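First to last, the sequence lines map onto chains A and D. Take the first sequence: its letters are residues -7 to 234, numbered as in the numbering used here. Take the second sequence: its letters are residues 15 to 271, numbered as in the numbering used here.
Hint data in this document are derived by calculation from the structure and do not stem from the laboratory. There may be inaccurate statements among the hints.
Below, computed lysine to any residue pairings styled on SDA-like, alpha-carbon distance capped at 25 Å [as the list claims (entries may be wrong)]:
{"no.": "1", "chain 1": "A", "residue 1": "Lys102", "chain 2": "D", "residue 2": "Leu184"}
{"no.": "2", "chain 1": "A", "residue 1": "Lys90", "chain 2": "D", "residue 2": "Val106"}
{"no.": "3", "chain 1": "D", "residue 1": "Lys92", "chain 2": "D", "residue 2": "Lys188"}
{"no.": "4", "chain 1": "D", "residue 1": "Lys176", "chain 2": "D", "residue 2": "Asn89"}
Because the structure is a prediction, the values reported are computed rather than measured.
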Amino acid sequence: MLSLEAAIQFKNVSYSVNGDTILTDITGSFPKGKITTLVGPSGAGKSTLFKLCNGLKSPDSGEILINGKKIDDYDPVTLRRFVGIALQQATMLSGTVKKNISIPMILQGKQLPEERAKELLTVVGLDESFLSRNIKDLSGGQRQKLSIARTLVNKPEILLLDEITSSLDRVSQQDIEELIVKINKEFSTTIIWITHNLQQALDIGDYTWVMMEGEVVETGESSLLEAPTNERVRNFVRGEVE
Amino acid sequence: MSYLTLAITLIFVVIPLVLSKTLKLGLEKDTLIATVRSIIQLLAVGYVLQFVFDAEQLIYIFLMVLLMIAAATQNARKKGASIKGITWKLIVTFVFVEVLTQGILLGLGITPATAQYIIPISGMVVGNSMVLSILFLNRFTSEMTTHQDQTELILTLGGTPKQAIRTQLLNSIKASTIPTIESQKTIGLVQLPGMMSGQIIAGADPVQAVMFQLLILFLLLTTAVVTSIMLGYLSYPTLFNERMQFLSDHLEEDDED
C-alpha cells in the first residue's frame, strides 16, 4: 500500500482529549485515487481520524501529510475545500435544497449557478425538481445524497465519508455505494469511507484499515477481511467485538 | 419620608413572611436576607451619593461608575453562562456602553455634567447592560452547544469561524434584545416606569417626568443592542483557535439552569 502515491499520510500520529487517549501512534497512508474503507468497533477513533484529516482537530504529536505537504502548511479554509467530508447525520440548515447545496459557494461570497446545482443533483441521483423542495420533506437517503452533492460543490480531491449509509435502507445504501464508486472512477477522487458494514468494505473498498481502541491493527487490500491474520481482527470480523 | 414611616412599611415584609410560614413555602430566610441586604445597600448608597453630590468632585463620580462596572461584571460573570476569558470582555463592553451613552448625553448637552445626572443614568445603563449580558451569554452558549453540528458543518465546507457562528450569534443578539424592545411597546399602558413614578411622587411635573423617562428608554435601546452585539463579536473568536478549529471546551454552560 505504501508503494502507491499517498493522498493522506500519517506519521506516528497521536491524539487525546483531556488526558484520554483517542488515537495512538497512527502510521500509514491512504492511496491516491483509491477507495479505502475504515472498519472497527465503535470508539476505535475512526471519526476522530477524519477530523484530523479535515483539519477540524490537530494531533498532539506526529505528522499528517496531504499530497505530500504538511497539513499545517495548508490554509484551513483551502484544506477543508480540498478534503471534503460527509457525515452520517447529514446536517442541513433549515430551508430549501437549493439553499443547502449552495452553502459552499455562499461561503466564498459567490452564487451557485442553477445549472451546476442541477448537474450535481443529477450526479447523486436526485432530479432537478428537488431544488425547490424543503429539507424537511427529504428522506434519510435523499438527505445523504444531498450532503454528498453539497460536498462535491468544492470539487474535493479527497472525500471522507463517515457512516453515510448506516441508517439507510438496503436500496438507498446500494444507490449511495454505486454513486461513490462512480465519483471515484469519474473524478479520480480519493475516497476514505468509515463503515460498520464489513460486506460493504469488501465490495467497495480497494483497501481497508482495521482500527481498534485508537490503533491501526491491520491494513491491506480489502480481501484481508476474508482471512485476517491478526487475531483481534479475526474476532472482530466474526462479530465477537462490537 | 421619616425613618418611622419607613419602619412602618416593613409591614409589607411581614405579610410574605407570615404567608410563607403558614403555607410552609420556606421563603422566610431568603426574604429576611433580601430585606436586610436591600436596607443596608440602599442606605449605604444613599449616604455615599449624598457625599458625592456634596463633594462635587469628578474623581468621586468616576469612582462610583467604576464601582458599578466592577459590581456588574462580577454579577454577570456569576449569573450568566460563561465563555473562557469573559471577565475582560464584560469590562470592555460595560466601559464602552457607558462612554458611548455619557459621551452623547454630555457631549450634546442633553444632561448636565453633574453627579446628580451622571450617577443615576450610569446606574441604569450599566445595570441594563449587565442584564443584557447575562441574557446574551446564556442564549449564545446554549445556541452554540445545541447547534454545534451546524458550526462544524460550515467549517468542514470551508467556512470561516465568523461564518460558522453567524446564525447562532444573530439569533442570540435578537433573542436578548427583543425583551427590551417589546417591553417598550407596552410601557405606560400596564405599569408606569419606576423612575418616572419616583419623580412624580417626589412632586415633579408629570410631563417633564415623562420626557426624562423617554430619554432613558431610548438610552436603554442603544444599551441593549450595543451590549449584545459587542459582547457577541468579542466572544466568538475565543471559541476558535488559529487553525479555525472549534473549541467546545471554551464554552461553559450555566450550572444554575
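Now the hints, each set against the structure:
1. A:Lys102 x D:Leu184: Answer holds: A:Lys102 to D:Leu184 is near 21 Å, not above 25 Å.
2. A:Lys90 x D:Val106: violated, 41 Å
3. D:Lys92 x D:Lys188: Holds. D:Lys92 to D:Lys188 sits at ~23 Å (cutoff 25 Å).
4. D:Lys176 x D:Asn89: Cα-Cα ~28 Å, so violated.
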